[in-house]
Amino acid sequence: MTIPCYKAPFPGFVHAAATRYRTSIPVISPFTPAPARTYASNAMSANDVKIKVGDTIPRGTFTYIPYTPELENQSACGIPVKLNTDEWKGKKVVLVSVPGAFTPTCHANHVPPFLEKYDEFKKKGVDVIAIIAANDAFVLSGWARFLGLKDKILALSDPNARWSAQLGLAQDLSAVDFGTRTKRYALVLDDLKVKYVGVEPERGVTVSGADAILAAL
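Residue numbers (the UniProt record's numbering): 1 to 217.
Note that these hints are calculated values from the structure, not bench results. Possibly wrong hints are sitting among the right ones.
[Stated by the list, open to error] Quick list of in silico lysine-lysine cross-link-like pairs, DSS-like style, CA-CA up to 25 Å:
#  : residue 1 : residue 2
1  : 193       : 124
2  : 117       : 91
3  : 92        : 152
4  : 89        : 195
5  : 195       : 117
6  : 82        : 152
7  : 122       : 89
8  : 124       : 92
9  : 117       : 89
10 : 122       : 50
All chains, full assembly: derive it from the sequences and hints.
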């Protein structure tokens, strides 16, 4: 069953459907360690990564649904807008890439610490924190609402991991029906220049986690 999303009169407009739908799907608490992933780790070598400290990031365009208070209504539907990397010129940005919204490690272990330590990032002069995944903007908006990211952390769609592929940071997970996804990585940018690159060589969260990035800032 679907809730129709009607054409909005302007970008960012939100409407609420007349009927609310509830489910009883079990969830993993952000404070509960995630179980081991059931799909194979896509290990990579340093030679696969094309981006390095000192590089200027390639231009790219993401889609996302801006947070508005109306989105607190579970039956509300936001309208995706575009965000170009040019908007980060002159800013300090933390980009955190995950293989997929709602997947165990991403959902329980990777993203929540960035929200918990949001004030610490701001004290370090970070202007923007953004989560990147190959999921569509609607899925990422739903995930962001579930995690309570609100207007603090952006949830950006990198369709088919096209932008991440330019960095050498896309992966093919077709074997588990995920298609092309972004790898688990993090970048720190300052005026579009790369100041930190943290790419996970195996499953788990280490160099792309909140603590590692805070230590590097």
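Verification of the supplied hints:
| no. | hint | verdict |
| --- | --- | --- |
| 1 | 193 x 124 | holds, 17 Å |
| 2 | 117 x 91 | holds, 19 Å |
| 3 | 92 x 152 | holds, 15 Å |
| 4 | 89 x 195 | holds, 14 Å |
| 5 | 195 x 117 | holds, 20 Å |
| 6 | 82 x 152 | holds, 18 Å |
| 7 | 122 x 89 | holds, 17 Å |
| 8 | 124 x 92 | holds, 9 Å |
| 9 | 117 x 89 | holds, 24 Å |
| 10 | 122 x 50 | violated, 29 Å |
Violated hint for the displayed structure: number 10, the only one.
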